[in-house]
Every structure is written in structure tokens, then in C-alpha cells.
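Number of protein chains: 2
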Amino acid sequence: MSLGELDFIETLRKLATHPAARGLADDAAVLGDLVLTHDTIAEGVHFLVDDPPASVGWKLVAVNLSDLAAKGAEPLAALMSVTIAGDGVWEEEFVAGVAAACETYGLPLVGGDTIVLPIGAPRVLGLTAIGRGGEHVPSRSGGLAGDTLWLVGTLGDAAAGLAVLEADRHAEGVLVEAYRRPVPLLAAGRLLAPYAHAMMDVSDGLLLDLERMCRASGCGAKVDLDALPLTRAFIAERGVGRSARLFAATGGDDYALLAALAPDFDPLLSLSLPKGAILTPIGTLTAVDGISLFDGSGEVPLPERLGYEHHHRD
Amino acid sequence: MSLGELDFIETLRKLATHPAARGLADDAAVLGDLVLTHDTIAEGVHFLVDDPPASVGWKLVAVNLSDLAAKGAEPLAALMSVTIAGDGVWEEEFVAGVAAACETYGLPLVGGDTIVLPIGAPRVLGLTAIGRGGEHVPSRSGGLAGDTLWLVGTLGDAAAGLAVLEADRHAEGVLVEAYRRPVPLLAAGRLLAPYAHAMMDVSDGLLLDLERMCRASGCGAKVDLDALPLTRAFIAERGVGRSARLFAATGGDDYALLAALAPDFDPLLSLSLPKGAILTPIGTLTAVDGISLFDGSGEVPLPERLGYEHHHRD
Chain A
1 MSLGELDFIE TLRKLATHPA ARGLADDAAV LGDLVLTHDT IAEGVHFLVD DPPASVGWKL
61 VAVNLSDLAA KGAEPLAALM SVTIAGDGVW EEEFVAGVAA ACETYGLPLV GGDTIVLPIG
121 APRVLGLTAI GRGGEHVPSR SGGLAGDTLW LVGTLGDAAA GLAVLEADRH AEGVLVEAYR
181 RPVPLLAAGR LLAPYAHAMM DVSDGLLLDL ERMCRASGCG AKVDLDALPL TRAFIAERGV
241 GRSARLFAAT GGDDYALLAA LAPDFDPLLS LSLPKGAILT PIGTLTAVDG ISLFDGSGEV
301 PLPERLGYEH HHRD
Chain B
1 MSLGELDFIE TLRKLATHPA ARGLADDAAV LGDLVLTHDT IAEGVHFLVD DPPASVGWKL
61 VAVNLSDLAA KGAEPLAALM SVTIAGDGVW EEEFVAGVAA ACETYGLPLV GGDTIVLPIG
121 APRVLGLTAI GRGGEHVPSR SGGLAGDTLW LVGTLGDAAA GLAVLEADRH AEGVLVEAYR
181 RPVPLLAAGR LLAPYAHAMM DVSDGLLLDL ERMCRASGCG AKVDLDALPL TRAFIAERGV
241 GRSARLFAAT GGDDYALLAA LAPDFDPLLS LSLPKGAILT PIGTLTAVDG ISLFDGSGEV
301 PLPERLGYEH HHRD
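So the protein sequences, as listed, match chains A and B. Here the first sequence is numbered in my numbering, starting from 1 and rising by one per residue. Here the second sequence is numbered in my numbering, starting from 1 and rising by one per residue.
No wet-lab data here; the hints were simulated from the structure. One should not assume that every hint holds.
Below, simulated EDC-like cross-link-like pairs (lysine to aspartate or glutamate); rule was C-alpha separation at most 16 Å, straight line [said to hold, decoys possible]:
#1 A/Lys-14 x B/Glu-299
#2 A/Lys-222 x A/Asp-289
#3 A/Lys-14 x B/Glu-93
#4 B/Lys-222 x B/Asp-289
#5 B/Lys-14 x A/Glu-93
#6 A/Lys-222 x A/Asp-295
#7 A/Lys-14 x B/Glu-211
#8 B/Lys-14 x A/Glu-103
#9 B/Lys-222 x B/Asp-295
#10 B/Lys-222 x B/Glu-299
#11 B/Lys-222 x B/Glu-211
#12 A/Lys-222 x A/Glu-103
#13 A/Lys-222 x A/Glu-211
#14 B/Lys-14 x A/Glu-92
My request is simple: use the sequences and hints to build the entire structure.
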């Protein structure tokens, strides 16, 4: 993240003083019972030029729905912004992926804009998703020291898939699919939201996103590396050692959910979670600032890079 | 508009089947009492590289608010998408213009996304504006043969300002201002909406936008060229002859409002319009398809180009 960009986001923050904006420090804005989010993705930055266009369409919808999931919101409608900088064939396939995701998650596309860019300009694709929140829309800032940190989903598959693609751009398989077609955890988010002191989606790397939750909540965290939920595909590709686990904890693109719940509340006992939902306690929030990691062998030094601020790859 | 792009918009239309989408044939989506719109503008397409960044920020907000104005909606909130492809200085000035427009029209900025593009990529700026509609949110499709066509605002200033800038990129003045800083007619739109059989904003040229209203409403229109409201600045620059009036009727970027009202309803007598509002009856909707133009000398042939589909100028 460049200095200019940091300055810029500070400028925006000064402008976004309405309480609905939540200081631009949350996954979404909350206006009355509406939950509003907008993510923009660009070619060469958030997706690869070689990614199948339909998978890019899917991803655009899914990353926005993941923000709604993190607030426990039900999808209501979306507006999409598409640039066309060629013959439109890529965009037709892209929209098929948008349609598949909208259909899967019950998100009606109700408007937007299509503009023409000069040939060769990178594609810039935006989506605003609007959802209806429940009685309690958890922010990132409500976490309390002593809370248990629960992770919904698994970590590392998408980052491992991206690494596989970077080595072989024709690669396929479960990990590549995880990178290209993230699954927004809407049902689990809705179930957890009423009980979550804080909740957010994990999109830029667990440790980086957890640091944001800690900063917003005014506390620190202890994370058990051995507890991080990994898939068999991930383990087959990268193993289960400390470096594999640190890779999973910092990789990004997981679209898992991270929730801070009271220590005496066990969602596995108390909630009827959707079939296949993977919920794992991975640590606790602490009164002491900063994140500390440990595993079976004791304390683990925090890696220098906690996640990805931006996936800039041009 | 390329063939690929037309195909693409047809594809989107098939996807946007929810009634809130209004068949993607309206200025905005209408979801319950919410009115939702998203416009994206790009460098070299919708604004000039030389345009002051603050004026681009103003315009991004204003063009979206104009869509809300056309539906009689009150601004509630906005989400903005910004690309950064340099040192961020341009964007800082851009945001000052966004802030000025948001402040002026009471539009809280509550969220959005900032992404980094490769240096040299054209800037792509998007805004989703969310408004609250009144009891009747006029569409483009409710016009009835016999309705009087009322125009709110004036025509041609922005297009004349753009022509002035194209001849001299350092030019200044009222017309250049009209091009760079359109004024969304929110108050007039709110007052007219309950009575409007159809209403839309005039952004791509009066005749092109009127054609869209006619097509949506299943009728035609007769327009009195002599009645078109022109400003003194416009007349000083381009005169009042037929070609000047045709220029004003097709120029685009006006952000005026066009409303179809019952012939016996005179808004000048019935409504407490905001001070300075310019309301002009410019013609009627007809049972016969197509648009016909006339002036004091009789019928005027319809120009070949009715407006701008896109302002692509790279």
C-alpha cells in the first residue's frame, strides 16, 4: 500500500462521518436495517488475465456476499459496474459466472452501469451488494478480552491454488477452484451474527484481518497455529508443518468468517449449523495488545507479512 | 455503441428479471421504498484528462443524484469505488469535489472500495447512490398519449461547454462550468414525482432520452424546438437559430428532467417550485410512434444523431 494510497484512505475516512459508515473500518456500511457493501476487482490485480471469465464473475459476486455474510445479512439486491474494452466476448462469459452466483445465493441483479474503455485498458468490475441485517449486525469492534475466536471455513486453499497457478497457469484442481470460486458463508454468518461480539470475513489473510479486529476492538489475540483448519487438498500440496500453517494464516482470499464469541458460548452445541459447515475455535482475544502465535512446541514468532493489503500482480 | 456491447446489455437484461430492476430500462432500480442507482465514469470517456479533479468528483456524485432526482427520491447514502493509478494527488483533489457535492446535497458517503491500478491505466470511478422514494416512483414507461412534456432545467449549456473546451482546453466560463459541474434537480424531481406519469433525467441528449421514454411508454412525441429553454450564455455562444436548437436538443450532459404530466395539470400553478427552477412545456406525447419536431416555420427533419450513447473520446 503506497503512502499516497494511505493518505487517500485517511481523506475518505474524514469524509465518511455518518454513523452508517462505521468509520470505513468494517466490511460493510449499516444503514437502518440495510447492510451495504461495494467491492471492485481489476484485471492483473485481483484476478489473473488467464482466469476463466466466468470464474471472475463468480468471484465478484462471492466477495461481496462474503461481506454480507460477515454481518449476518440476507442478500437483497445488487448493482454491477462493468467495463468493456474489447469485443464483448470475455464479458459475456463473465456475466454467465455472475448469473450463476446470483442464482446460487438468491441475489437479484437490479441495475448498474456498463461503460466502454479504450482497447487494452485493464478491466475494472464493481458490485454493490445490499442486504438486510438482523437485530444485531456485528461490527469488527465489539470483541472482548476473553472471547473465543471461532473460524468458519478453512484456510490456505485459495493462496495455495494461486501459487499452483503461478507455477503453471493451466493447472486445475480443488485448490485452483478455491482461489477462483470462493464460497460466501451466508448461512453460518446469519446463524452466528446474533451471538457474535465481533465478526468479519477473512479475505486478506487471517493474521492481517485478525489484527484489524483487534485494533477495532482495542484488544490483542492469541492464536493456536495447530488449531487452524486445513483441508486434505491443502495438506497434500503444502504439508502440515509450521511453515505450511503460517502460509495458511497469511495467504488471503479465504473468504472464511472470523467471529469473537463469549467463552461460555459453544456454537457447535447451541446452533443448528448448515451441513458441512466447519467451525473451529482457533484462539482467544486478550487484554494485552498485539497478536501472539503458539503451537505444540511453544511460542511462534509472528511473520513479517500478516497478509495481503492488495493483490497487485501486473 | 458496438454490437458486442449491445449483445452484452441484452444478456444483462435477461439476467435482471427481478421487478426491482425495471428491465434495466429505467434511471434506477426500485426495491421497496429504496431507489438505487450506479453510474461509473472513466477518464477519456466521460471526463477529460484535463478536467480539474475536483470537478470530476462533483460530477460523479451529481450524475448519480440526477438519477435519484428523476425518480423523486431523497438521497440516503452512497458507496464509492475509486481506482488509484499514480501518486494519489489527483485522487485527493477528486475527493474534495466528491465531498463538496455530498455536503451540498446531503448525501452521506458510507462505504466503497479503493483499488490500485497499474500506472497509466485510465481512472474508473463509480458511485452507488441509494435514495428513499415517495409513494409514487415514476418510471419511464407510464407516459400517456396526450400528456404534456415538461422540461426542468435548460438544454445545451454542457454540450456547448464541452465544444468550447475541445477548441481551447484552458477555456473557462459558465458553459464550461455547466459541463463540469452539473446540478441534480432533486427538489423539483421530488415535487413533480407524485404527478408524473413518466419521468427521467436528460443526460444523453433530449431527443435520445425522449425516444427512450416514448419506446418505454409505447407512444410517440411532438416537440416544439422554439420552446426549448436556452440560457443567455448558450445563446451568446451559439445563437438561437434552428441549428443551435438542434445542437441543444441532442448535446447531452444536461442533467435536466423530463416529465410527462396530464395535459390539465400545470405544475407552474399547482406546485411550490424551488426558487430559480425553470419549468417549460416543450411538447406532447402522441399516439403515433416516433418523434416529430417543429418550430415556427413548420416541421423540422429529425437529426440523424439524437444524442450520445457514450462520450468516448480517447
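Hints, one by one, checked against the model:
no. : hint                  : result
1   : A/Lys-14 x B/Glu-299  : 56 Å, violated
2   : A/Lys-222 x A/Asp-289 : 10 Å, holds
3   : A/Lys-14 x B/Glu-93   : 14 Å, holds
4   : B/Lys-222 x B/Asp-289 : 10 Å, holds
5   : B/Lys-14 x A/Glu-93   : 14 Å, holds
6   : A/Lys-222 x A/Asp-295 : 11 Å, holds
7   : A/Lys-14 x B/Glu-211  : 43 Å, violated
8   : B/Lys-14 x A/Glu-103  : 13 Å, holds
9   : B/Lys-222 x B/Asp-295 : 11 Å, holds
10  : B/Lys-222 x B/Glu-299 : 10 Å, holds
11  : B/Lys-222 x B/Glu-211 : 11 Å, holds
12  : A/Lys-222 x A/Glu-103 : 39 Å, violated
13  : A/Lys-222 x A/Glu-211 : 11 Å, holds
14  : B/Lys-14 x A/Glu-92   : 12 Å, holds
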